[in-house]
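If you want the building blocks of each chain, they are given just below.
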Amino acid sequence: GAGVSQSPSNKVTEKGKDVELRCDPISGHTALYWYRQSLGQGLEFLIYFQGNSAPDKSGLPSDRFSAERTGGSVSTLTIQRTQQEDSAVYLCASSLGGKLGQHFGDGTRLSIL
Amino acid sequence: GENVEQHPSTLSVQEGDSAVIKCTYSDSASNYFPWYKQELGKGPQLIIDIRSNVGEKKDQRIAVTLNKTAKHFSLHITETQPEDSAVYFCAASNGNAYGGSQGNLIFGKGTKLSVKP
Chain F
1 GAGVSQSPSN
11 KVTEKGKDVE
21 LRCDPISGHT
31 ALYWYRQSLG
41 QGLEFLIYFQ
51 GNSAPDKSGL
61 PSDRFSAERT
71 GGSVSTLTIQ
81 RTQQEDSAVY
91 LCASSLGGKL
101 GQHFGDGTRL
111 SIL
Chain U
1 GENVEQHPST
11 LSVQEGDSAV
21 IKCTYSDSAS
31 NYFPWYKQEL
41 GKGPQLIIDI
51 RSNVGEKKDQ
61 RIAVTLNKTA
71 KHFSLHITET
81 QPEDSAVYFC
91 AASNGNAYGG
101 SQGNLIFGKG
111 TKLSVKP
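Chains as they are written, first to last, in my numbering: chain F, 1 to 113; chain U, 1 to 117.
Think of the hints as simulated: they come from the structure by calculation, not from any bench.
All the given hints hold, so there is nothing to weed out.
Here are the simulated lysine-lysine pairs, DSS-like style, with alpha carbons at most 30 Å apart:
| no. | chain 1 | residue 1 | chain 2 | residue 2 |
| --- | --- | --- | --- | --- |
| 1 | F | 11 | U | 42 |
| 2 | U | 22 | U | 71 |
| 3 | U | 42 | F | 17 |
| 4 | U | 109 | F | 15 |
| 5 | U | 71 | U | 109 |
| 6 | U | 37 | U | 68 |
| 7 | U | 57 | U | 42 |
| 8 | F | 15 | U | 42 |
| 9 | U | 71 | F | 57 |
| 10 | U | 57 | U | 109 |
| 11 | U | 37 | U | 57 |
| 12 | F | 57 | F | 15 |
| 13 | U | 112 | F | 11 |
| 14 | F | 57 | F | 11 |
| 15 | U | 58 | U | 22 |
| 16 | U | 22 | U | 42 |
| 17 | U | 109 | U | 22 |
| 18 | U | 22 | U | 57 |
| 19 | U | 68 | U | 57 |
| 20 | U | 116 | U | 58 |
| 21 | U | 116 | U | 42 |
| 22 | U | 68 | U | 112 |
| 23 | U | 109 | F | 57 |
| 24 | F | 17 | F | 57 |
| 25 | F | 11 | U | 37 |
| 26 | F | 11 | U | 109 |
| 27 | U | 22 | U | 116 |
| 28 | U | 37 | F | 57 |
| 29 | U | 116 | U | 37 |
| 30 | U | 42 | F | 57 |
| 31 | U | 68 | U | 58 |
| 32 | U | 109 | U | 42 |
Everything numeric in this text was worked out from a predicted model, so none of it was measured.
Chain F with its partners taken away, still in its complex shape (with noise of 0.2 Å):
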């Protein structure tokens, strides 16, 4: 497809279990970000990939939350032993590299129970 694809588009899951989220780039974007978007709230950045370089994590809120990115492409996101505090829309965005023009899906609802 033409835009950011995620999947899946909605995920319900029990405290403490781990979930997957995956997030498909627009074809050629080098740099991809993944955001958490809280009920009425704005975009908390949380990690970002570009190109080969070393992922900046410096968002991630806790050591329950991983990403990697395979290939240069496809980007997995990982949250560990799920609180309820979890519970947001997860959002990836990818850009081609050297501008800044984000595209972003539209989203992963996870809700835990």
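Since the structure of chain F is provided, determine the placement of chain U on it from the hints.
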């Protein structure tokens, strides 16, 4: 680090009127300022952006102004239409592209715009 403040949090206008949303930022190194429109259940959509070497940019009914000295920037929507109703976010970055933490955007908390027919 950078901090972005956005006002107002809600804005209601009559169709055809203009709407103005204002943001301030704290980091004088920030040099890129995009605006996003987010509709319910969708991801934010980039609608216009401005770089710090430009004072104003216009795209049809949408314009953005930047005052680097005062560290504030504004979104102006003229001749508003009901389909302009959405949440609008401003953001700032000192991104010089490759590597490091300079690529991520710092967002304001959003403005819910309602355009009444």
